[in-house]
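With the sequences and hints as input, model every part of the structure.
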Amino acid sequence: MQAQQVLVIEKDSVPLFRGFQVSFDIVGAAQKALSDYGQYEGALRVNLRDKWFPIVEIGYGMAERHDEVTQIDYKTNAPYFRAGLDINLMKNKHTDNRIYGGLRYAFTSYKVDLGRQGLVDPVWQWDSSFRIDGMQCSQHWLEAVVGIDAKVFGPLHLGWSVRYKRRLFHKEGDVGQTWYVPGYGIYGDTRLGGTFNVIIDI
Amino acid sequence: MRPNQIMKGMKKNARGLRLLPLYLFTLLLLTIACSSIDCPVQNVVATIYKMEKADGTADTLHDTLSILTRRSNGILDTLVNNSTNTTLLQLPVGYTNPEDTLLFEVTDASGIYSDSVYIKKENEPHFESVDCNIAYFHTITGVRLSSHNVIDTIIINKTAVNYDLSTEHFRIVFKAADKRGKN
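In order, the protein sequence lines correspond to chains A and B.
Be aware that the first sequence starts at 19, since it is given in our numbering, and climbs by one per residue.
Be aware that the second sequence starts at 1306, since it is given in our numbering, and climbs by one per residue.
Careful, some of the hints might be misleading.
Under the rule of at most 20 Å between Cα atoms (straight-line distance), these lysine to aspartate or glutamate pairs were calculated in the EDC-like manner [stated by the list, open to error]:
| # | chain 1 | residue 1 | chain 2 | residue 2 |
| --- | --- | --- | --- | --- |
| 1 | B | Lys1480 | B | Glu1410 |
| 2 | A | Lys189 | A | Asp131 |
| 3 | A | Lys189 | B | Glu1429 |
| 4 | A | Lys50 | B | Asp1436 |
| 5 | A | Lys93 | A | Asp192 |
| 6 | B | Lys1425 | A | Asp145 |
| 7 | A | Lys129 | B | Asp1360 |
| 8 | A | Lys183 | B | Asp1343 |
| 9 | A | Lys111 | A | Asp192 |
| 10 | A | Lys189 | A | Asp151 |
| 11 | B | Lys1480 | B | Asp1360 |
| 12 | A | Lys69 | A | Asp219 |
| 13 | A | Lys50 | A | Asp85 |
| 14 | B | Lys1425 | B | Glu1473 |
| 15 | B | Lys1425 | A | Asp151 |
| 16 | B | Lys1355 | B | Asp1368 |
| 17 | A | Lys93 | B | Asp1360 |
| 18 | B | Lys1463 | B | Glu1404 |
| 19 | B | Lys1484 | B | Asp1364 |
Simulated coverage check for chain A against chain B, where a stretch passes if three residues somewhere in it have a Cβ under 8 Å from a Cβ of chain B [to be verified]:
| # | segment |
| --- | --- |
| 20 | 78-87 |
| 21 | 128-138 |
| 22 | 185-194 |
Sample of chain B residues at the chain A side, in silico, Cβ under 10 Å [stated by the list, open to error]:
| # | residue |
| --- | --- |
| 23 | Ile1380 |
| 24 | Leu1384 |
| 25 | Asp1405 |
| 26 | Phe1432 |
| 27 | Val1435 |
| 28 | Asn1438 |
The hints are simulated quantities; they were obtained by calculation from the structure and are not laboratory data.
Glycine included, every Cβ here is placed at the ideal spot set by N, Cα and C.
Right, here's the structure in full:
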């Protein structure tokens, strides 16, 4: 009688807690250096069995712009927060490189300084300049994230993410809309965004 | 699986992963670099006046109508110049004045008749983007006449003055020619 071949599915012996990672986003810092707005952002991601990665992202967004054409002054800076979960999409989950998909819930509360000096009523010619300081605003939004995390050497990883953002709730004062929302970016522009992260395993 | 098959698979995975940053970098550049300026195409803020008869039906003012206002420097500015067969008017609104004063002048066979219309309003600046000019929106709070030489009545139909010009803000009833000049 031939011996029967038995397929045994072994239980994953990798422990639940596999350490955590800290990361820093370079895209936001580059935006800040090269344009009128940007953000400094860091993240803490926990590794659970190389499959699930709860993550918290904290950043500080800033914008200051004087538009030469419209002569509008806009200034804001405030922290923002995101919390979510990434899932490793790789078939072999225990490699050093990962492709992940995830969701984030994000929130910011910020104040805007907005002004337009030298505005003249075109008919009556009255000076119609205005300035609003400290206009209180807030926004909640969701992000769907797809990214990669590739090991360079030792604990150092580099990674990219592409994000699709969707606004949920918002409050923008009495003057219409706001332009730059810390953590979200320019509202009304594309809903896509991205990060390039330097990641350290801890 | 044999070890060399496993290694082949891992090398294939690693090659694919090395190319992924390039694809994602390209996608990232395209998405982040793309921006658009979405200022409203219809960005005129004005008040609409509709001519009506006393029974509420639409009317046409056949006589010559001119509308003037006084600028901040005291000079009279003409907003409407010798309009005839007028059914609708679109007039500008003062950005920050709490009350606009408009002089309606009607010329007919027997002379020139005029009334001043005072429009009381609240004014709010409206912002959409640093790339779009600031506008002022208004809420009309009252309207009155200095006299009733040529205008019988003027009533507020819509108080919100913004980019929406589809509905009239004021309905104005002009006096018949034989009743003008009599208050």
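Verification of the supplied hints:
1. Lys1480(B) to Glu1410(B): holds, 12 Å
2. Lys189(A) to Asp131(A): holds, 15 Å
3. Lys189(A) to Glu1429(B): Between Lys189(A) and Glu1429(B) the Cα gap is close to 17 Å, so the pair holds against 20 Å.
4. Lys50(A) to Asp1436(B): Holds - the C-alpha atoms of Asp1436(B) and Lys50(A) are around 19 Å apart, at most 20 Å.
5. Lys93(A) to Asp192(A): holds, 16 Å
6. Lys1425(B) to Asp145(A): With a Cα-Cα distance of about 19 Å, the restraint between Lys1425(B) and Asp145(A) holds, given a limit of 20 Å.
7. Lys129(A) to Asp1360(B): violated, 52 Å
8. Lys183(A) to Asp1343(B): Distance ~18 Å between Lys183(A) and Asp1343(B) Cα, so the pair holds.
9. Lys111(A) to Asp192(A): At roughly 50 Å apart (the allowed maximum being 20 Å), Asp192(A) and Lys111(A) break the hint.
10. Lys189(A) to Asp151(A): holds, 16 Å
11. Lys1480(B) to Asp1360(B): holds, 13 Å
12. Lys69(A) to Asp219(A): At roughly 15 Å apart (the allowed maximum being 20 Å), Asp219(A) and Lys69(A) satisfy the hint.
13. Lys50(A) to Asp85(A): OK: Lys50(A) and Asp85(A) at ~16 Å, within 20 Å.
14. Lys1425(B) to Glu1473(B): holds, 17 Å
15. Lys1425(B) to Asp151(A): Not OK: Lys1425(B) and Asp151(A) at ~27 Å, beyond 20 Å, violated.
16. Lys1355(B) to Asp1368(B): Within the cut-off at roughly 15 Å; holds.
17. Lys93(A) to Asp1360(B): violated, 54 Å
18. Lys1463(B) to Glu1404(B): holds, 17 Å
19. Lys1484(B) to Asp1364(B): Holds: Lys1484(B) and Asp1364(B) sit about 17 Å apart, inside 20 Å.
20. 78-87: holds (count 3)
21. 128-138: holds (count 3)
22. 185-194: Contact hint for the segment 185-194 of chain A vs chain B: holds, 3 residues under 8 Å.
23. Ile1380: OK, holds: Ile1380(B) within 10 Å of chain A, min 9 Å.
24. Leu1384: holds, 7 Å
25. Asp1405: holds, 8 Å
26. Phe1432: Hint holds; Phe1432(B) Cβ to chain A Cβ min 5 Å, cut 10 Å.
27. Val1435: holds, 4 Å
28. Asn1438: holds, 5 Å
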